[in-house]
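Listed below, chain by chain, are the residues.
Protein chains: 2
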Amino acid sequence: MASEFDLIDRYFKRPAPAGMLGVGDDCALFDVPAGMQVATSTDLLIEGRHFFADVDPRALGHKSLAVNVSDLAAMGARPIGCLLGLALPRADESWVAAFAQGFHAMADQAGCPLIGGDTTGNPGALAISVTVFGAVRPDAALRRAGARVGDDIWVSGTLGDADIAYRLMSGQMPADDALLARTRTALEWPQPRFTLGPALAGVAHAAIDISDGLLQDLGHILKASRVGARLYLDAMPVSAALADVAPARVRHAVLAGGDVYELCFTAPPDRAAAIRGIGDDCGVAVSRIGVVEAGGELAVLDADGTPLRDLPRGFDHFRSS
Amino acid sequence: MASEFDLIDRYFKRPAPAGMLGVGDDCALFDVPAGMQVATSTDLLIEGRHFFADVDPRALGHKSLAVNVSDLAAMGARPIGCLLGLALPRADESWVAAFAQGFHAMADQAGCPLIGGDTTGNPGALAISVTVFGAVRPDAALRRAGARVGDDIWVSGTLGDADIAYRLMSGQMPADDALLARTRTALEWPQPRFTLGPALAGVAHAAIDISDGLLQDLGHILKASRVGARLYLDAMPVSAALADVAPARVRHAVLAGGDVYELCFTAPPDRAAAIRGIGDDCGVAVSRIGVVEAGGELAVLDADGTPLRDLPRGFDHFRSS
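If you're matching them up, the sequences are chains A and B in order.
Read left to right, the first sequence gives residues 1 to 321 (the working numbering).
Read left to right, the second sequence gives residues 1 to 321 (the working numbering).
Isolated chain A, as found in the complex (with noise of 0.2 Å):
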């Protein structure tokens, strides 16, 4: 195997940005722009845990970023740059070039460059740290705490999908190739809203990524917030390639499938028609799914008005299974 110096150097390492010091040496440097402060978040990724080992590497590299993306976007913040730890069980090349080129490609995509890591064997299985850096006007953030009784409640692109394809790669939905070639995308290339998020700060009151499903994601901001919601169950932006499974089984994954990426968010009312521009400039569907309310309940209501009984609990695929 190539060296972890040679694997650095190979795959990762790229000129810095204007204004900052990349790979190579004790610290990566990174100029923050005036009045803004700094938005950080980090995952750390194992597999079998948080995705299949057989896991397309490109695929991998992709979504590992897109996912801290996804943070600055449910902030508000507009992605400065990146570092990646890598520990790798297998002396694979072609494993580390192919996840090096679905990284990259993220990161070019949402101008956010890798500028630091650290690269290690390890014995076990595959863990993968991410840290993103993103910048945040202070008053324009999008914290979990912003929502307030009458907000409307969105949510950006289509739901469901994420969830379907993981319970078919797994074994619980009876094998579907057809569905799977229309919903596995959602679960390995997830596109994250780092336009729409930073375009929404000062806009909305609250963001959050659907990472965990939306009625736990939004749980978050409630209990955050101290506030409740009722939310519309025919105004889910339910994905088109869900059209022939059962309508159950769609409700599930659209109030509880996590590994979305899509935000939801909370907003006044008067700002409704600024939140569908601010979605066509970005080229991002939005749908509004709900009010804010005073008290902590959290209601699903069908169309007739009657409130879902047993809401399903929002939970991590990988985590859960």
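Hints should not be assumed to be uniformly reliable.
Label pairs and their in silico Cβ distance ranges [said to hold, decoys possible]:
{"no.": "1", "chain 1": "A", "residue 1": "T185", "chain 2": "B", "residue 2": "P268", "range": "32 to 40 Å"}
{"no.": "2", "chain 1": "B", "residue 1": "P33", "chain 2": "A", "residue 2": "G202", "range": "21 to 29 Å"}
{"no.": "3", "chain 1": "A", "residue 1": "T185", "chain 2": "B", "residue 2": "E93", "range": "34 to 42 Å"}
Just so you know, these hints were derived from the structure itself, not from any lab.
Using N, Cα and C, we set each Cβ at its ideal position, and we do this for glycine too.
Following the hints, put chain B in place on chain A, whose structure we already have.
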């Protein structure tokens, strides 16, 4: 086992320092002093690879952060805060409590509070990811490429202890409880030079911490700066704890032993008095051990001025074992 969220709340969540948003949102937020750059570094540590599985968890918490704070020091950056990712294979709450205690104590000491992170279960080995942030004036950062011909070469503290402790604990040296008692602290509780490093910013030309051994790490400075060096063996600050160890063993430990986390730095000769003063102010011994020369060679001279042959390569204890 208590859930991930419970463990975070109980052992890692603390009130965020002023101007920061800490654990519990999509991102942590922090301010950067005007005119400063952010310095950042990350490490991914794996059980069995970077530390013994039975290490005292309090020491492990300390060291996990200490080695990253050391990277900030080697850049001349003052700590701002840190992120922690933990993948836990065992349902051992007392282990987590002890780890958190050691981690927070180091964070308090260095002024580097934990502001966010990620905790997950892991079927395999314990994995620890730490990311640190610091602030440094762009023109004062101690980059590896800054050494100039004629600079003095300095190291802080003393060398050799950690290597001897590692060899005793791994069975590469015959058991010697008294010697282990004198050296073990250096291996398990390294003290990063978080005061000395920032004090040297703008005074020294280049710096690195000795995580992989003096010769290898100084070699990184020489390569990045396109210079060579001459070191004086009898100027090396050997730990007094090694007085009874065979000279060849000590020499190897001093020149090639990793896991030291002292700073090796270069500075113009006319700053020698200033550097001694900074060392005094910081309560850290500083020793002048050589000079930077033209060319790419690294020579170590014994007391007679004879260059040593077969210089030991630097290495990482746990990687090369």
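### Message
Against the range 21 to 29 Å, how does the distance between the Cβ atoms of P33 (chain B) and G202 (chain A) compare: consistent or not?
### Response
Taking Cβ atoms as reference, P33 (chain B) and G202 (chain A) lie about 24 Å apart, which means the hint holds.
### Query
Falls inside 34 to 42 Å, the C-beta gap from T185 (chain A) to E93 (chain B)?
holds (40 Å)
### Query
T185 (chain A) and P268 (chain B), beta-carbon distance inside 32 to 40 Å?
violated (58 Å)
When the structure is compared with the earlier hints, a violation turns up for hint 1 alone.
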